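Chemist: If you want the building blocks of each chain, they are given just below.
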Amino acid sequence: MTVLHGKGASGGIAIGVVKIHRNDKACVKRAHIENVGAEIERFRSAKDRSLAELKELYEKALKEVGEANARIFEIHAMMTDDEDYTEAIENLILSQNVNAEYAVAVTSDNFAEMFSSMDDDYMKERAADVCDISSRLIKNLSGSVAKVTLFPENAIIFAKDLTPSETVQLDKDKIIGFCTQQGSKNSHTSILARTMGVPAVCATETELPPEFDGTEAIIDGSSGTVYINPTPDIREKMIIRQNKEIRKKELLQNLKGKENVTQDGQRINLFANIGGLSDLGEVLANDAGGIGLFRSEFLYLESDDYPGEEAQFQCYKKVLECMAGKKVIVRTLDIGADKKIDYFHLDNEENPALGYRAIRICLTRTDIFKTQLRALYRASVYGNLGIMFPMIISEEEISEIKEIILQVKSELACAGIPFNPDTETGIMTETPASVMISDILAREVDFFSIGTNDLTQYTLAADRQNPKLDAFCDPHHKAILRMIKIAVDNAHKNGAWVGICGELAADTSLTELFLAMGVDELSVSPNEILPLREKIRHTSIKDRREIINKFL
Amino acid sequence: MREFEYTIKDELGIHARPAGLLVKAAKATNCRISVVKGNKAADATRLFAVMGLGIKQGDTVTVTCDGENEEEAILQMRSFFENNL
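For the protein sequence lines, the chains are A and B, in the order given.
To convert, note that position 92 of the first sequence is 119 in our numbering; the numbers rise steadily by one, no gaps.
To convert, note that position 27 of the second sequence is 22 in our numbering; the numbers rise steadily by one, no gaps.
Chain B on its own, in the form it takes in the complex (with noise of 0.2 Å):
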């Protein structure tokens, strides 16, 4: 498993457009992908769960990667935080 934390810029937070993104980005991806914010995590492939962590900006998230081409998913997610959120 591989993970990296980022800290949210987006003034709105993960907000129902970046969310959107991100369901569309982690299920490209092949990988178990989860967001971890304090002691709760969301699998990032489910819309309501991710938007029910309810992530603002200034928060910081772990996310994780777990999965065959988990290197390459991790660059792709890592890539997508900081172009999106």
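So that you can see chain A by itself, here it is in the shape it has in the complex (with noise of 0.2 Å):
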């Protein structure tokens, strides 16, 4: 097997043959010319016969790749056309008595060189223009035919680079993936290959040799790696992540945009966990309801000393724009010692997951914890903010975080800073006493959000951390799921709404439950927001009753 590694420029992944394509450079010989004028009529024709080429050209790409994708021939005619260039050529020609083939090479070579030393990658990327232009004068001229090539099926063009006019002429039923040596995300190909919505690699800086034709080869179009005679590992787990890749998409097309209901008309929210800003993008493409766990660490973790409230609020209300009006529900922060951050000089401790952590951190160094709610605050007018609370246990922890939080609301509003007073907060019920006191919490807080991770390792009494206990830390445990059920029912009992944000929120064997017991939103990674859409799509709740004690 043979790896290389070049950039992603086009996402997914392509199983198939590799196809060299050599670019045939016609080489252009220098002659001297006697008749200068019958040489630049020879360039002229030459460049008429281009300019009804690129007509040509224009037309089929416009019925195949669309107007966008066709306009570049559109522009190669008036580059072919541009006065600039066809003076410099018609120059070299009368001045130097030199052939239009020569004469064509150099001004290209001269136009090229003013691109590519440009200070800008889109402006770099169109040197290529240039020499796709002029190699179509210089093939004009000499009056050589290009070549038809066949491909094969399922074809994966490996090629030093792409010129517009070739892949517009590559024949596209069969062609599955591209790789090229060269190029960037801006090059012909990497936007052909978007559009087309195949794989691409590109900047390999690594020539195959002709042996290779033919060869299997296997394209990782996001990570940006090339497998040529993969092995069999490869290729099985290659099958199974585009096997995986392909249902995304069906799911994409068929449930983006469709509701969150069951077939009997049930809705749920169905939001995503979030631990950063570079994951809105994820978020945005599942279409995700909105966030329903924001974990407000990395902020902590990225940064070398607390983070100012100036750059907390400006993430927040990124955050909350990029929604535009969808729920944002941000943890506060949520440490321990297994979450370690140098700064905070927090003790080792010999058992963490019951240690000095999360909000009991924040209720003891308070001015941390008013420098992240005074940033949320001021965020809060820029969208739909929900603020939540990690590792509760009792009521007296929610009376101490509402005394401070009404400190940042008088602080804010003397100094008139625009706040969102009605910003909704809630707990996260993680531990096994919020579930007992359930009740009560629920009529101090707008909303519980359920974190299973947690809840399991404190109600089954097994360290999530130790993989000698995976057997005993099994979330599907009748405990846990009464504990949720026990939970859901206080909650909405006491006028609170419940999500749930740990990872059974995923499981679809579980979606019937929670649908049963009312469950009104769940968060998870963005990409299972639509296998879960479809789930619940596919899901009828009839009796509930039924449902409840078959799991429980």
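No wet-lab data here; the hints were simulated from the structure.
Honestly, I wouldn't trust all of these hints.
The calculated label-pair distances, taken between Cβ atoms and stated as ranges, are [unchecked claim]:
no.	chain 1	residue 1	chain 2	residue 2	range
1	B	Asn34	A	Cys441	27 to 37 Å
2	B	Leu7	A	Phe499	52 to 62 Å
3	A	Glu140	B	Leu7	16 to 26 Å
4	B	Leu7	A	Lys271	32 to 42 Å
5	B	Gly53	A	Asn493	54 to 64 Å
6	B	Thr57	A	Lys276	23 to 33 Å
7	B	Asp38	A	Ala312	36 to 46 Å
8	A	Gly303	B	Leu7	26 to 36 Å
Values in this document were obtained by computation on a predicted structure and should not be read as measured data.
Using N, Cα and C, we set each Cβ at its ideal position, and we do this for glycine too.
Could you use the hints to bring the two separately framed chains together as a complex?
Modeler: Encoded structure:
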């Protein structure tokens, strides 16, 4: 197996056959010309033929790849007809008595050089356009006919780089991917690959020898990896990933914009869990109805010192603005001796899961907590914010939090800084204590978000970090499912809504149960939203009691 | 001669497509149209010259019109820049 590494230019996995594409650059020789007038005429008629061809290519591309991609040939026609370019060529013929082919080649180099030396990635790529129009002229001058290339089925094109004219002449029905030695995400090949929806890898910097023509190859357009003659292991792995991606694409096409509603009309919100701003693209791409868990730890982990109010504010504001009025629930700082940050100077603990962590740190080091709350309340006017507190075990903690929130609000009000006073607040339900008193806690907050990972380890007294305990850490244990039921019932009786944000939320074998319990929201990784939506749309909740009895 | 200043809003600056449109629009006027960025000027009917200015988003350029119908041409160019760049 040979492995090449480049840059991913168009996502997805293609499994097919290597088709090496050679750019047969006509070799241009310098010749002395006596009759320069005739030579200029010869150049002009080659130019006219080029313009006619480009018009045809434009029409062909218009049909195959759409107007946006076809326009390049209109630009090519303008370039071919550009006065600076044609004058430069004719001047060379006149002043140096050289043949038209040579004059075109020299001018091409000069103009391409102008683009490649520009301080702009987009403009640099335009050097390829100059080379493309110039080779077309040279071809028309020398009268050589372009060879017709035959493609095998499932061809993955391997080339140095492809010019727009080359790409449009490819037999697109048979091409399933591209791999180029040069180029970038802005190259025509990359753009074309994305338009065609096929994977592409660029900038591999490696030329494939001709004997590889026809061998099996796999390209991974997300990571930029190319496998030639893949081992059975790799092939199998990539087939699995490819199937997943195909399914994801289908889900996207069928389910984007659809409601999360069961066959019998019950609705549930599907939100996303995120750990940073970089996840926002996935959240929107997967059609999340909101953000159910925004882990704010990354702000602290990525910083060398306590992150300031302004930096936090900017980050929360950005998320709220991106989500454009959809709910965004930010969980306040959740660290402890297992998720350590140097500048907090936390002591080592025997038992960090049961230690000084999360809200316990926030309520004893209120300066840190207040900074975060001020940033959150300031951001609250930019969208639909909810704030959620982790590791709650008592109503006293909630009273303390409310006291601090009151201080924050009155400070902001005094300073004339706008905030939304009705910002929803909630708690993570992740300790058995918070479940047992959930009736009391529900009266104090707007919502619960059940964190099933911690709830499982605390309820079953099984450390989730210890792999030997995997068999004991069963989140389907009736104790856990009953805990969830108690929390949901108590919340609803006392006017709070309930979401689940732990890993169990994405477990489609339990979706029916959660719907029967009347859970209001499930928050999962962005890529789990559409599979879950599909599950919900195929579920019907006829007899709630029967379903609940079956599980509990 | 008439002129106006314009600050480019298009994300990619004057890239290939709008440069092509500009060339078409400039050719249609019968005036000499130039685009000036800093101390470099380009004849707006010449694609390579215009692209060679490397005009990016946020750059301010001066557009000049010289010729018999310059009054009309300057209005046409202004609306072209506002609509496309």
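Chemist: Now tell me, hint by hint, if it's right for this structure.
Modeler: Do the hints match the structure? See the list:
no., hint, result
1, B:Asn34 with A:Cys441: 27 to 37 Å, "violated, 54 Å"
2, B:Leu7 with A:Phe499: 52 to 62 Å, "holds, 58 Å"
3, A:Glu140 with B:Leu7: 16 to 26 Å, "holds, 21 Å"
4, B:Leu7 with A:Lys271: 32 to 42 Å, "holds, 34 Å"
5, B:Gly53 with A:Asn493: 54 to 64 Å, "holds, 56 Å"
6, B:Thr57 with A:Lys276: 23 to 33 Å, "violated, 49 Å"
7, B:Asp38 with A:Ala312: 36 to 46 Å, "holds, 44 Å"
8, A:Gly303 with B:Leu7: 26 to 36 Å, "holds, 28 Å"
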